[in-house]
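Visitor: All chains should be modelled from the sequences, with the hints used to inform the complete structure.
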Amino acid sequence: MKRQIISLLLVLAAISALGQNASAGNPGWLWTINGNGLPGRSFLFGTCHGDGISFTDEEIYSITGLSEALDEAQTVFFESDPNVDSMSDEEKEELKQLYGMIYNPGPEYMMPKGVFYKPLFDSVAHFYEVNNFMISKMKDVEYWKKTPGYWCIRLSMYAFTKVRMCRSVDLALHEEVVKRGKETGGLETTSSVMGKLMPMFSDTESIDTLSMKEQAKIIYKLVHRMNNDSILQFPKLHEAYLENDTCKFNQFLGEFEEELTKWNEEDLGNGMQDKKDYKNEHLLRERNEAWVPVIKENIAKRPCLIAVGCRHLLSADGLIAMLRREGYTVEPVVKK
1 MKRQIISLLL VLAAISALGQ NASAGNPGWL WTINGNGLPG RSFLFGTCHG
51 DGISFTDEEI YSITGLSEAL DEAQTVFFES DPNVDSMSDE EKEELKQLYG
101 MIYNPGPEYM MPKGVFYKPL FDSVAHFYEV NNFMISKMKD VEYWKKTPGY
151 WCIRLSMYAF TKVRMCRSVD LALHEEVVKR GKETGGLETT SSVMGKLMPM
201 FSDTESIDTL SMKEQAKIIY KLVHRMNNDS ILQFPKLHEA YLENDTCKFN
251 QFLGEFEEEL TKWNEEDLGN GMQDKKDYKN EHLLRERNEA WVPVIKENIA
301 KRPCLIAVGC RHLLSADGLI AMLRREGYTV EPVVKK
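Residues 1 to 336 in our numbering are what the sequence shown lists, from first letter to last.
Treat the hints as calculated values from the structure; they're not laboratory data. Beta carbons: idealized from backbone N, C-alpha and C, even for Gly. Heads up, some of the hints might be wrong.
To be verified - Taking CB as the label site, the calculated pair distances span:
1. E142 with E72: 51 to 59 Å
2. V334 with G37: 32 to 40 Å
3. C247 with E59: 18 to 26 Å
Unchecked claim - The calculated BS3-like cross-link candidates involving lysine-lysine, where the alpha carbons are at most 25 Å apart (straight line), are:
4. K118 with K221
5. K146 with K113
6. K137 with K213
7. K213 with K139
8. K145 with K96
9. K118 with K137
10. K217 with K162
11. K92 with K113
12. K139 with K162
13. K162 with K146
14. K113 with K139
15. K217 with K146
16. K217 with K113
17. K217 with K118
18. K162 with K145
19. K145 with K221
20. K179 with K217
21. K221 with K236
22. K146 with K221
23. K301 with K179
24. K213 with K146
25. K217 with K139
26. K139 with K118
27. K92 with K162
28. K137 with K221
29. K213 with K118
30. K236 with K162
Guide: Structure (structure tokens):
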């Protein structure tokens, strides 16, 4: 059970892909917001943050009504404003401190004197695969000075970031918004979301209980899968998202979780459930609740397009349900 860091990685990679349908039928990712005296209709759009595969313009704008929604919207809001220039010095300092939790480990993560990496692995081949990855990909020729437990965390963070280095729906949408000269905004600051995300990586309690040989096995497992791209690309997620059908997407999720369980069955347990609970509570519900007042304030002024990870739209704690409880009419845009 204690080796849930690998399962965590896969769950985080699909963090925008989870949820239940918000209404009957087969709604897609674009929804209209009306009612409560709004000056014009606004839109909710569920994006895919990253599945390791870049989205093309043709794929994204095949989603029914998205181009028209961009035409109508005066301002496009993302989870956080993609415009780096909008970040204050205070926020930059907060981010620096948050990343320091990961990139500047304390003395407890330094290798004990006389303990070396090579004997920790099951074979010399395993060691050299990890060694080459650390030097070529992690750019750290002195990686061996830090414990395998520390690298379990860093490798998870690396893969999480790598998946999102593709041309996500969010990035492609922002490029189009800039082309059209539209105003952009953020529902929260970058440091705010990173503050909630970092505990998913910096919580090392379960890793610290393992022997170094067990930690080394996790490192090898992560490195080997990343070398084969099987942990960095999710073609089924990509295809399922482009179906623009939440029912089919949820079906994919069930298959995904079944595959995950088979692959890492011995690692699942209470620790993994704790991570899922944290994600649902702090990364989803709490953020949705904080976003609703921001959304209400802005859609009352002019038509807006609210683009957030599709997980934030659905379920009883999703934005669709929350806005409906506030008296808005929220309906899916469907093909005619």
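Visitor: Hint by hint, say whether it matches the structure.
Guide: These are the hints, each one checked on the structure:
The hint said 51 to 59 Å for the Cβ distance between E142 and E72, and at roughly 54 Å that hint holds. Checking the proposed 32 to 40 Å range against V334 and G37 shows it is violated: the Cβ atoms sit about 25 Å from each other. Checked against the hint of 18 to 26 Å, the C-beta distance between C247 and E59 comes to roughly 20 Å, which is consistent with it. Taken as a hint, the K118 and K221 pair is honoured in the structure, with Cα atoms around 15 Å apart against an allowance of 25 Å.
Taking the CA atoms of K146 and K113, the gap is about 11 Å. The hint holds against a cut of 25 Å. For the given pair, K137 sits about 22 Å from K213 by alpha-carbon distance, which is consistent with the 25 Å threshold. About 23 Å separates the Cα atoms of K213 and K139, which keeps this hinted pair within 25 Å; it holds. Taking the CA atoms of K145 and K96, the gap is about 23 Å. The hint holds against a cut of 25 Å.
Distance hint between K118 and K137 is fulfilled; the C-alpha atoms sit about 19 Å from each other, no more than 25 Å. At most 25 Å may separate the alpha-carbon atoms for a hinted pair to count; K217 and K162 meet this at roughly 21 Å. With a C-alpha separation of about 36 Å, the suggested pair K92 and K113 falls outside the 25 Å cut-off, and the hint is violated. Of the supplied pair hints, the one linking K139 and K162 holds, its CA atoms being roughly 15 Å apart against a limit of 25 Å.
For the proposed pair K162 and K146, the alpha carbon gap of about 22 Å is at most 25 Å, so the pair holds. Restraint check for K113 and K139: the C-alpha separation of about 23 Å stays at or below 25 Å, so the hint holds. For the given pair, K217 sits about 15 Å from K146 by alpha-carbon distance, which is consistent with the 25 Å threshold. Of the pairs offered as hints, the one joining K217 and K113 holds, with about 21 Å between alpha carbons and a cut-off of 25 Å not exceeded.
Taking the CA atoms of K217 and K118, the gap is about 12 Å. The hint holds against a cut of 25 Å. Distance check on the hinted pair: K162 and K145 sit about 24 Å apart at the alpha-carbon level, within 25 Å; holds. Distance check on the hinted pair: K145 and K221 sit about 20 Å apart at the alpha-carbon level, within 25 Å; holds. Annotation: proposed proximity of K179 to K217 is violated, straight-line Cα distance about 47 Å (limit 25 Å).
Proximity of K221 to K236 is assessed by CA-CA distance (about 22 Å); at most 25 Å being required, the pair is judged to hold. Annotation: proposed proximity of K146 to K221 holds, straight-line Cα distance about 18 Å (limit 25 Å). This hinted pair checks out: K301 and K179 have alpha carbons roughly 23 Å apart, not beyond 25 Å. Proposed proximity of K213 and K146 is supported: the alpha carbons are some 14 Å apart, at most 25 Å.
For a cut-off of 25 Å, the pair hint linking K217 to K139 stands: about 21 Å separates their Cα positions. Proposed proximity of K139 and K118 is supported: the alpha carbons are some 19 Å apart, at most 25 Å. In summary, the hint linking K92 to K162 is supported, as the alpha carbons are separated by about 21 Å, within the 25 Å threshold. A distance of roughly 16 Å separates the Cα atoms of K137 and K221; the hinted pair therefore holds under the 25 Å criterion.
For the proposed pair K213 and K118, the alpha carbon gap of about 10 Å is at most 25 Å, so the pair holds. Distance check on the hinted pair: K236 and K162 sit about 18 Å apart at the alpha-carbon level, within 25 Å; holds.
Hints 2, 11, 20, counting from the list given before, are not met by this structure.
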